[in-house]
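Please build the complex by placing chain B with the ligand on the supplied structure of chain A, with the hints as guidance.
Chains as they are written, first to last, in the numbering used here: chain A, 7 to 352; chain B, 59 to 834.
Everything labelled a hint here was simulated from the structure, so no lab data went into it.
Each hint should be verified, as a subset may be incorrect.
No more than 20 Å apart at the CA atoms, straight line, and that leaves these computed lysine to any residue pairs for SDA-like [claimed, not checked]:
1. K50(A) <-> Q9(A)
2. K201(A) <-> L572(B)
3. K201(A) <-> D550(B)
4. K50(A) <-> L10(A)
5. K82(A) <-> V93(A)
6. K201(A) <-> V138(A)
7. K50(A) <-> A75(A)
8. K201(A) <-> A142(A)
9. K650(B) <-> A790(B)
10. K201(A) <-> L588(B)
11. K650(B) <-> V788(B)
12. K273(A) <-> R333(A)
13. K50(A) <-> T8(A)
14. K201(A) <-> A547(B)
15. K201(A) <-> H592(B)
16. K201(A) <-> P601(B)
17. K50(A) <-> I70(A)
18. K687(B) <-> E716(B)
19. K201(A) <-> N586(B)
20. K687(B) <-> P648(B)
21. K201(A) <-> V584(B)
22. K201(A) <-> E631(B)
23. K201(A) <-> E620(B)
24. K50(A) <-> L14(A)
25. K273(A) <-> R250(A)
26. K68(A) <-> R80(A)
27. K201(A) <-> R623(B)
28. K68(A) <-> E19(A)
29. K201(A) <-> E293(A)
30. K201(A) <-> R593(B)
31. K112(B) <-> V170(B)
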Amino acid sequence: MTQLTQLLAELQERFGADADAAIGEQALENVRVAYLGRNGEVTKIRRTIGTLPAAERPGAGKAINDAVAAMEERLKAAQAAVESRAVDAELAASIDVTFPAIAPAAGSIHPVRRIIEESCDYFMRHGFAVVVGPEAEPDYYNFDALNIPSDHPSRESFDSFWLTDSVLLRPHTSPMQIRTMQEHRPPIAIVAPGKCFRRDALDARHLFQFHQVEGLLVADDIHFGHLKGMLTGLCRELFGSGQRVRFRPSYFPFTEPSAEVDTTCPKCRGESAEGRCSLCGGSGWIELGGAGMVHPNVLREVGYDPDVYSGWAFGFGVERLGLARYRVDDIRRFISSEPDFLAQLS
Amino acid sequence: MRVPISWLREYAAIPADDAAITERLAMLGFPVAEAESRPTLSGVVTGRIVGLEKHPNADRLQVGRVDVGAGEPLTIATAATNVAEGQVIAVATVGAQLPALRIERRTMRGVVSHGMMISAEELALPAEWFEDGILQLDQTTPLGADVVELFGLASDVLDVEITANRPDATSVVGLARELAASYGVPLHLPRLRDSYDEPEPTGEAPRVALQSTDCHRFVAQRFDGLHVRPSPAWMRIRLALAGQRPINNAVDVSNYVMLETGQPLHFYDASRIRGGTLTVRSAHEGEKIVTLDGAARSLSPLSLVIADDREPLCLAGLMGSASSEVTHSTSAIVVEAANFSGARIRRMSGALGLRTEASARHEKSPAPALTNFGAARAAQLLTEIGAIAYPPRAFGAEIATSPPVRLPLRDVERLLGLTIERERIARHLAALGCTVEPAGGDALAVTAPAWRRDLGIAADLIEEIARIEGYDTIEAVEPSVPPHHISSAAFDRERALAHALEGLGYREIVTHSLCGSAESDVAVEVRNPLSEEHRFLRASLVPGILDYFAANGEVRVFEIGEVFRRENEDVGERTALGFGFLSHRDAARPWKDDAFLRLRGDCETLLRRVTGRAMDASPGDGRHFHPGKRARLTIDGRDVGELGCIDPRTSRALGLTENAYVCLIDVGALPPYATPLYRPPSRFPSTYRDVALVVRADVSARDVERAVAAAAGPSCTGVRAFDEYRGPQVGAGQKSLAVRVTLQRFDTTITDEEADAAVAAILAALGERFGATIRT
Ligand SMILES: [Zn+2]
Numbered sequence: 007m008t009q010l011t012q013l014l015a016e017l018q019e020r021f022g023a024d025a026d027a028a029i030g031e032q033a034l035e036n037v038r039v040a041y042l043g044r045n046g047e048v049t050k051i052r053r054t055i056g057t058l059p060a061a062e063r064p065g066a067g068k069a070i071n072d073a074v075a076a077m078e079e080r081l082k083a084a085q086a087a088v089e090s091r092a093v094d095a096e097l098a099a100s101i102d103v104t105f106p107a108i109a110p111a112a113g114s115i116h117p118v119r120r121i122i123e124e125s126c127d128y129f130m131r132h133g134f135a136v137v138v139g140p141e142a143e144p145d146y147y148n149f150d151a152l153n154i155p156s157d158h159p160s161r162e163s164f165d166s167f168w169l170t171d172s173v174l175l176r177p178h179t180s181p182m183q184i185r186t187m188q189e190h191r192p193p194i195a196i197v198a199p200g201k202c203f204r205r206d207a208l209d210a211r212h213l214f215q216f217h218q219v220e221g222l223l224v225a226d227d228i229h230f231g232h233l234k235g236m237l238t239g240l241c242r243e244l245f246g247s248g249q250r251v252r253f254r255p256s257y258f259p260f261t262e263p264s265a266e267v268d269t270t271c272p273k274c275r276g277e278s279a280e281g282r283c284s285l286c287g288g289s290g291w292i293e294l295g296g297a298g299m300v301h302p303n304v305l306r307e308v309g310y311d312p313d314v315y316s317g318w319a320f321g322f323g324v325e326r327l328g329l330a331r332y333r334v335d336d337i338r339r340f341i342s343s344e345p346d347f348l349a350q351l352s
Numbered sequence: 059m060r061v062p063i064s065w066l067r068e069y070a071a072i073p074a075d076d077a078a079i080t081e082r083l084a085m086l087g088f089p090v091a092e093a094e095s096r097p098t099l100s101g102v103v104t105g106r107i108v109g110l111e112k113h114p115n116a117d118r119l120q121v122g123r124v125d126v127g128a129g130e131p132l133t134i135a136t137a138a139t140n141v142a143e144g145q146v147i148a149v150a151t152v153g154a155q156l157p158a159l160r161i162e163r164r165t166m167r168g169v170v171s172h173g174m175m176i177s178a179e180e181l182a183l184p185a186e187w188f189e190d191g192i193l194q195l196d197q198t199t200p201l202g203a204d205v206v207e208l209f210g211l212a213s214d215v216l217d218v219e220i221t222a223n224r225p226d227a228t229s230v231v232g233l234a235r236e237l238a239a240s241y242g243v244p245l246h247l248p249r250l251r252d253s254y255d256e257p258e259p260t261g262e263a264p265r266v267a268l269q270s271t272d273c274h275r276f277v278a279q280r281f282d283g284l285h286v287r288p289s290p291a292w293m294r295i296r297l298a299l300a301g302q303r304p305i306n307n308a309v310d311v312s313n314y315v316m317l318e319t320g321q322p323l324h325f326y327d328a329s330r331i332r333g334g335t336l337t338v339r340s341a342h343e344g345e346k347i348v349t350l351d352g353a354a355r356s357l358s359p360l361s362l363v364i365a366d367d368r369e370p371l372c373l374a375g376l377m378g379s380a381s382s383e384v385t386h387s388t389s390a391i392v393v394e395a396a397n398f399s400g401a402r403i404r405r406m407s408g409a410l411g412l413r414t415e416a417s418a419r420h421e422k423s424p425a426p427a428l429t430n431f432g433a434a435r436a437a438q439l440l441t442e443i444g445a446i447a448y449p450p451r452a453f454g455a456e457i458a459t460s461p462p463v464r465l466p467l468r469d470v471e472r473l474l475g476l477t478i479e480r481e482r483i484a485r486h487l488a489a490l491g492c493t494v495e496p497a498g499g500d501a502l503a504v505t506a507p508a509w510r511r512d513l514g515i516a517a518d519l520i521e522e523i524a525r526i527e528g529y530d531t532i533e534a535v536e537p538s539v540p541p542h543h544i545s546s547a548a549f550d551r552e553r554a555l556a557h558a559l560e561g562l563g564y565r566e567i568v569t570h571s572l573c574g575s576a577e578s579d580v581a582v583e584v585r586n587p588l589s590e591e592h593r594f595l596r597a598s599l600v601p602g603i604l605d606y607f608a609a610n611g612e613v614r615v616f617e618i619g620e621v622f623r624r625e626n627e628d629v630g631e632r633t634a635l636g637f638g639f640l641s642h643r644d645a646a647r648p649w650k651d652d653a654f655l656r657l658r659g660d661c662e663t664l665l666r667r668v669t670g671r672a673m674d675a676s677p678g679d680g681r682h683f684h685p686g687k688r689a690r691l692t693i694d695g696r697d698v699g700e701l702g703c704i705d706p707r708t709s710r711a712l713g714l715t716e717n718a719y720v721c722l723i724d725v726g727a728l729p730p731y732a733t734p735l736y737r738p739p740s741r742f743p744s745t746y747r748d749v750a751l752v753v754r755a756d757v758s759a760r761d762v763e764r765a766v767a768a769a770a771g772p773s774c775t776g777v778r779a780f781d782e783y784r785g786p787q788v789g790a791g792q793k794s795l796a797v798r799v800t801l802q803r804f805d806t807t808i809t810d811e812e813a814d815a816a817v818a819a820i821l822a823a824l825g826e827r828f829g830a831t832i833r834t
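This is chain A alone, in the form it adopts within the complex (with noise of 0.2 Å):
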């Protein structure tokens, strides 16, 4: 019995210098495993309990567990304060915190459908919806319906690629308000994003292949201040609210009475020294598109009653939008899209 209670102490002593000298929690663990795991130094001297006298085994249990408690408050102390250690070692770090950062694989979409996406929401939130048609469209709805008939001179002005004897791809977005009210009776309010093609040559200024927006909205008391408000809304939403916005009487052969919207130049707001500001010309208005109160023509063609029915439509480039609103160049970028242009613009 006192050769056990001898061991026993022997043991804690060991145990006591190994936990201490333990740096880590891995080795505090490999102390553990070593005196009080499952193959342990205490499991070997349990093994001897049945040698003892029948008498002495209750007390030798009891002194073994004694040990065992102890043991295990001293690991306790150790592993508290090996983590001590730990956290004191972290809290030691110090790092330089303008060291360049880790840039994520980001995404992004393009400027266009920024653009788009911006001015559809600002449409949808006014209750609008938004429709998205075909680019290779009959003449019926890119001329005709319109109220362009062939030979009209304005044809001209739409200088298409042709497909077939009768099939182009659009030059414009309005072939989406023959479509959309040929197939729905009015109230309509749609906007209609699209791209469209015309045969211009490329340059800083002009793609052949580019994107509008196009609205409409018809109903029975609908009239050209509405189409003010709305398209003046438009223009605080992409350039900021002291953006003014001007309507000029023009000619588009689907609107009368029609008119070209222009807005105020975001780059020198009209305040360019003697007409070079490189974005507007010096005029200090940017041309956003036409627009103009629906002819009462096209609102014959898809059966509308044009003494009950009114509305507005309008069409603006948004590669022209996206020039005025990033300041870009040439606006070929958009259409060359290259990583760089796209990560600036994300």
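Okay, now just chain B with the ligand, sitting in the frame of chain A:
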């Protein structure tokens, strides 16, 4: 159109501020592309040379005495050689400011000169368009008048853009009328000659035969006794300011009247009209004409010509022949003021590659009534230079007055959202030349002037009212949009795809829809391409994306756009989505490609996000892809797209050093979004078993997974192959697939015995189905 503001001021008392005029024109619908300001000029007056003698000390100088209307004549020395006593000229007096110099009193070889006799160039006019030396003014010019004021040399010259519907405004008078109406000032029309009470001249009046319906009206008028010489200075200067080179007094009248009234004229040398009859007809095939520009042209019946008995004398509406041109020896002319089909002139101009100031006006189909205005104005100006006029003779359609348009005043308010008094509306319309009468109730009956053919309905008149009232007076208000049932689904779907891909780290690009190669035998060809590079419509997004990779290197990109194919005689069009990236070529394990799996993982995530459904992939046959690395994609058994490694031969041909991985989705084929439903997890713990099965190499992981799931019984909640091995340890033609089977029950904890039984069932089933053995 180039318009000197000073010319506009002759017809209407518009404000003195040139910038305000420019702005006002824009707000009337006539934007100014460029406002050219004139240099500062002052101190230049008219004067008459009352004495001229040689300079006493210099052979090349003359000394003149010039009467400038007040005080003693000025002594002025000049080196010019075209001066003579009696001439009226422009004189820069001491203190005058010219573009390049300031005039001082100056001693020239002992003679004190009090000013300078000046040339057109010193007035900032194109020197090559005027006489060498001193500018010659008319004898009737008042002396001492300010030259800048007299000839309108200070005001801006505007380049005005005119819309296609306003041929009447492609003229100085037309624009002056617009400004007069807008500023509420009267319009003063130029003087016309429209009465012929003196006895008629005895010569032969011109005859015109209209053999084409594309000539609507032809006013012909003969003038005799013409002395061809330079025009008076005021006309030459005005033409020069308007960008028209002065030629002689006949040609100048023709150009002047066209600019002033908008009616193009043509003058024929009367002596060159053989047979005396002008015939308007289509040209014969191969018929020849040498036009004024010196070009010999071979014609087709597309061309409309005005011919005498022998040959064409004029390409209608475009340009006359050299042979019938007015020259210095011409004394009798026939003036043509005609109205042609704008479409015919446009086609003809396109076919001949010839566009002139006249054809640009004819193309817009001006009103036939303009012929009378142009002819009467030409008659006035030709009479003023001494020609003897025959009465004009008109051929073709009479001038028809258009029927009045009923304008309900309610409609003005309904369309504009602007209340304007009846009198104000009537005043605006009258100022534009309309006749306005009451039409009962709240309506007006409005008859458009003969020169306006674009005012056929009430909406046309409402635009006129709005223009004159000013678009900026219309208040901007937000409409309340009534409810409707139009769906935004297609747009929402595209947006969801784009944003999900953005989230997966792809950048959106836009590439050309038109490409240079046919790609396939169903490619749609453009009939009138801009260039060979853009002759075909793309049938797939793949070439555009690969070109982008070739140009820009390692990037993850996507594009959403239309692709096209020929379907019989029609054009088929679908919305496509393509996305992908480049990845290193890795030949180490030909049976495994992590880049492919990454792409498929992105695709599965994308389609789950957008459709709420699971996508399935099976071996595919897409033509763009590597034959062993391509899959077709289905959702609920329907094809939605394909993906794979682009055929390495294609990427190598493009110079790519890596392989491209691309997924193509047919956006229209995607099913509608299915909202996922939540299943609460079991309260009982799950357990799993990993099983390594050796099967034939051609047995797909998906088939193994499905067989495992079926064999494992109802408590199996997941099967996933997580490792594949081929090599000597499993033998040729075989592979080892490691599969993790997850088991879980809702009513109790899975026991080890149940799990082991499941594994046994799996081994039995797969052994039977695939001859699978367990890998040891
Ligand atoms: Zn600017």
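For this structure, which hints from the list above don't hold up?
none
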